[in-house]
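A.B. asks: For the sequence shown, the numbering used here gives the first residue as 7, with consecutive numbering after it.
Quick caveat, the hints were computed from the structure, so don't treat them as lab data. There could be a bad hint or two in this list.
What the hints assert, rightly or not - Pairwise CB distance ranges, derived in the manner of DEER restraints:
hint : residue 1 : residue 2 : range
1    : ASN421    : ASP191    : 40 to 48 Å
2    : GLU393    : GLN206    : 42 to 50 Å
3    : LYS203    : GLU393    : 42 to 50 Å
4    : GLN135    : VAL67     : 20 to 28 Å
5    : LYS73     : LEU109    : 21 to 29 Å
As the list claims (entries may be wrong) - Taking lysine to any residue pairs in the SDA-like style, the calculated list, with each CA pair at most 25 Å apart, reads:
hint : residue 1 : residue 2
6    : LYS431    : PHE210
7    : LYS375    : ASN406
8    : LYS392    : GLU279
9    : LYS188    : ARG108
10   : LYS431    : SER418
11   : LYS270    : GLU297
12   : LYS392    : GLU297
13   : LYS58     : ILE43
14   : LYS424    : GLY281
15   : LYS203    : GLU223
16   : LYS72     : ILE43
17   : LYS33     : GLU279
18   : LYS283    : SER318
19   : LYS388    : PHE282
20   : LYS128    : ARG108
21   : LYS196    : GLU221
22   : LYS283    : GLU393
23   : LYS424    : GLU37
24   : LYS408    : GLY281
25   : LYS128    : LEU200
26   : LYS228    : LEU429
27   : LYS220    : PHE210
28   : LYS424    : ILE168
29   : LYS375    : LYS388
30   : LYS431    : LYS270
31   : LYS72     : LEU109
32   : LYS30     : LYS283
33   : LYS431    : ILE168
34   : LYS33     : ASN141
35   : LYS220    : ALA194
36   : LYS8      : GLY281
37   : LYS33     : GLY281
38   : LYS58     : LEU247
39   : LYS424    : THR234
40   : LYS375    : ALA427
Where is the CB? At the ideal position from N, CA and C, for every residue including glycine.
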Amino acid sequence: MKKVLIITYYWPPAGGPGVQRWLKFVKYLPEFGVEPIVYIPENPTYPLQDAKLLDEVPQGVTVLQKKITEPYAWASVFSKNKTKKISSGIIPNKKKQSFLERLMLWTRGNLFIPDARVLWVKPSVAYLQRYIKENGIDTVITTGPPHSLHLIGMHLKEQTGIRWVADFRDPWTTIGYHKALKLSDYAAQKHKDLERKVMQEADFLLVTSRTTQKEFEAITSKPIHVITNGYDVENVTRLPLDEKFSLAHIGSFLSERNPRILWKALSELIKEEPGFKDHFELKLIGATSQEVLETIEEFRLSPYVNNLGYVSHQEAVQQQRSSQVLLLVEIDSEETKSIIPGKLFEYMVSERPILAIGPEDADFAGIIKQTNTGVFALYDNKDLVKETLLSYYRLYLTQNLKVYPVGLQQYSRRNLTKQLADLLK
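Start from the sequences, fold in the hints, and give me the full structure.
C.D. replies: So this is what it looks like as structure tokens:
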């Protein structure tokens with residue numbers, strides 16, 4: 007079997023979407039003649055933890071660990087709560103940022119380039135350089151963010167000549183929160199220089215969307231392959247459908263994902279549609295920003311909110327399958343067209359209709375349409391949002407609210423892993 011060294015920061019017991027992609031690749035790679043060896047930090051600072059994911063780590067897989075110096079651990083001395091939110095990508099509205107939050111963002115963007123895990127690069131290269139030579143490793147794969155891990159791969163390639171694959175779960179300098187880091191001109195240029203160098207030095211790149219592929223083609227001539235995220239067969243207890251007409255958002259609800267048209271449509275339906283206010287429930291599952299909660303309050307929707315907070319991945323899957331409608335929201339900007347939220351694929355196999363709101367030409371809009379799993383609306387199309395909710399509500403009343411998906415098999419984790427294994431041979 008080919009031996010592939012996978013360098014990742016997020017690994018169980020880390021929670022959140024960042025851990026799922028490579029946990030599932032590692033699960034299925036041996037079926038296709040590839041032995042995965044995983045390298046992770048020994049003492050990471052994970053903003054979200056899900057101990058149940060440890061049960062999903064395949065038995066017998068080799069997991070290497072090396073200590074990491076974590077600036078976020080230092081920052082938590084001043085404010086554990088603010089540090090946790092910023093490290094998980096929940097950045098407060100610019101006008102409402104405290105001095106400490108502004109300082110933390112400036113420090114993160116200007117002193118730790120490309121990110122706060124950069125201090126793990128040097129010791130990792132020294133350790134892995136020897137391991138690669140002694141254990142017959144064929145290929146190194148780095149996955150980011152954090153994009154510091156790509157610097158590990160780049161230095162290993164320079165020093166050993168090994169084949170190196172750089173996997174971008176999200177873009178680097180065009181990711182939504184990059185602008186919030188208060189970058190100096192020098193820091194912004196250094197980020198771009200490192201991004202370009204990584205893309206030009208890797209043997210090939212993996213990305214999760216067509217838009218990111220096109221974006222990166224302007225930076226490098228190296229091969230770029232699209233392997234999206236996907237869904238896995240989840241053996242969880244299926245709960246009965248909610249009795250309420252529940253609209254559920256699962257995952258981080260960031261300030262920039264605050265769809266006022268949705269809140270307005272819901273407030274109008276509560277006033278106009280007989281019985282709607284008695285049946286409606288808004289389920290928030292995961293970290294929700296204060297700005298989103300304040301806007302919900304502004305539209306007088308707070309009495310209908312069931313805020314469950316962060317739950318395990320297993321419970322999140324159960325909630326997806328028991329909710330009446332699933333809400334998917336992405337930031338309305340040019341930079342986020344390429345983002346395909348990992349939860350989309352789990353949404354699609356939950357057999358519940360999706361209401362999605364996002365930017366024009368979003369990659370995930372096409373997937374929803376092709377698979378017949380829901381409705382996509384732009385941020386300025388309140389009428390479509392309202393019509394969709396009303397249609398779903400009336401189907402709910404007659405117990406006929408369901409979807410009839412097509413073509414989902416292409417997004418199974420096993421099929422996606424086969425695509426990866428073919429590239430590695």
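A.B. asks: Evaluate each hint against the coordinates.
C.D. replies: Taking the hints in turn, this is what the structure says about them:
Taken as a hint, the range 40 to 48 Å holds for the pair ASN421 and ASP191, whose Cβ atoms sit roughly 45 Å apart. Checked against the hint of 42 to 50 Å, the C-beta distance between GLU393 and GLN206 comes to roughly 48 Å, which is consistent with it. The beta-carbon spacing between LYS203 and GLU393, approximately 49 Å, falls within the hinted interval of 42 to 50 Å. For the pair GLN135 and VAL67, the supplied restraint of 20 to 28 Å holds, since their beta-carbon distance comes to about 22 Å.
For the pair LYS73 and LEU109, the beta carbons lie near 26 Å from each other, so the given range of 21 to 29 Å is met. Of the supplied pair hints, the one linking LYS431 and PHE210 holds, its CA atoms being roughly 13 Å apart against a limit of 25 Å. With a C-alpha separation of about 20 Å, the suggested pair LYS375 and ASN406 falls inside the 25 Å cut-off, and the hint holds. The suggested pairing of LYS392 with GLU279 holds, with an alpha-carbon distance near 11 Å, which does not exceed 25 Å.
This hinted pair checks out: LYS188 and ARG108 have alpha carbons roughly 8 Å apart, not beyond 25 Å. Proximity of LYS431 to SER418 is assessed by CA-CA distance (about 21 Å); at most 25 Å being required, the pair is judged to hold. Between the alpha carbons of LYS270 and GLU297 the distance comes to roughly 16 Å, so the proposed pair stays at or under 25 Å and holds. Restraint check for LYS392 and GLU297: satisfied, since their Cα atoms lie roughly 22 Å apart, inside the 25 Å limit.
For the hint pairing LYS58 with ILE43, the CA-to-CA distance comes to about 21 Å; that is within 25 Å, so the pair holds. Proposed proximity of LYS424 and GLY281 is contradicted: the alpha carbons are some 49 Å apart, above 25 Å. Taken as a hint, the LYS203 and GLU223 pair is honoured in the structure, with Cα atoms around 13 Å apart against an allowance of 25 Å. A C-alpha spacing of about 14 Å is found between LYS72 and ILE43, which places the hinted pair at or below 25 Å, so the restraint holds.
Among the hinted pairs, LYS33 with GLU279 is inconsistent with the structure: their alpha-carbon atoms are about 48 Å apart, more than 25 Å. For the given pair, LYS283 sits about 30 Å from SER318 by alpha-carbon distance, which is inconsistent with the 25 Å threshold. Restraint check for LYS388 and PHE282: the C-alpha separation of about 18 Å stays at or below 25 Å, so the hint holds. Proposed proximity of LYS128 and ARG108 is contradicted: the alpha carbons are some 28 Å apart, above 25 Å.
A distance of roughly 19 Å separates the Cα atoms of LYS196 and GLU221; the hinted pair therefore holds under the 25 Å criterion. For the hint pairing LYS283 with GLU393, the CA-to-CA distance comes to about 16 Å; that is within 25 Å, so the pair holds. At most 25 Å may separate the alpha-carbon atoms for a hinted pair to count; LYS424 and GLU37 meet this at roughly 9 Å. Taking the CA atoms of LYS408 and GLY281, the gap is near 20 Å; set against the 25 Å cutoff, the hint holds.
Between LYS128 and LEU200 the alpha-carbon distance is near 16 Å, which keeps this suggested pair within the 25 Å criterion. Annotation: proposed proximity of LYS228 to LEU429 holds, straight-line Cα distance about 14 Å (limit 25 Å). Pair hint LYS220 plus PHE210 holds up; C-alpha atoms about 14 Å apart against a cutoff of 25 Å. Distance check on the hinted pair: LYS424 and ILE168 sit about 22 Å apart at the alpha-carbon level, within 25 Å; holds.
In summary, the hint linking LYS375 to LYS388 is supported, as the alpha carbons are separated by about 19 Å, within the 25 Å threshold. Annotation: proposed proximity of LYS431 to LYS270 is violated, straight-line Cα distance about 52 Å (limit 25 Å). Proximity of LYS72 to LEU109 is assessed by CA-CA distance (about 29 Å); at most 25 Å being required, the pair is judged violated. Pair hint LYS30 plus LYS283 does not hold up; C-alpha atoms about 41 Å apart against a cutoff of 25 Å.
At most 25 Å may separate the alpha-carbon atoms for a hinted pair to count; LYS431 and ILE168 meet this at roughly 14 Å. For the proposed pair LYS33 and ASN141, the alpha carbon gap of about 21 Å is at most 25 Å, so the pair holds. Between LYS220 and ALA194 the CA atoms are separated by roughly 22 Å; this keeps the pair inside 25 Å, and the hint holds. Between LYS8 and GLY281 the alpha-carbon distance is near 61 Å, which puts this suggested pair outside the 25 Å criterion.
Simply put, LYS33 and GLY281 have alpha-carbon atoms about 47 Å apart, too far for the 25 Å limit, and the pair is violated. For the suggested pair LYS58 and LEU247, the alpha carbons sit about 24 Å apart, so the restraint of at most 25 Å is met. As the CA atoms of LYS424 and THR234 are separated by approximately 12 Å, the hinted pair is consistent with the 25 Å bound. Pair hint LYS375 plus ALA427 does not hold up; C-alpha atoms about 28 Å apart against a cutoff of 25 Å.
The structure fails hints 14, 17, 18, 20, 30, 31, 32, 36, 37, 40 (numbered hints given earlier, in ascending order).
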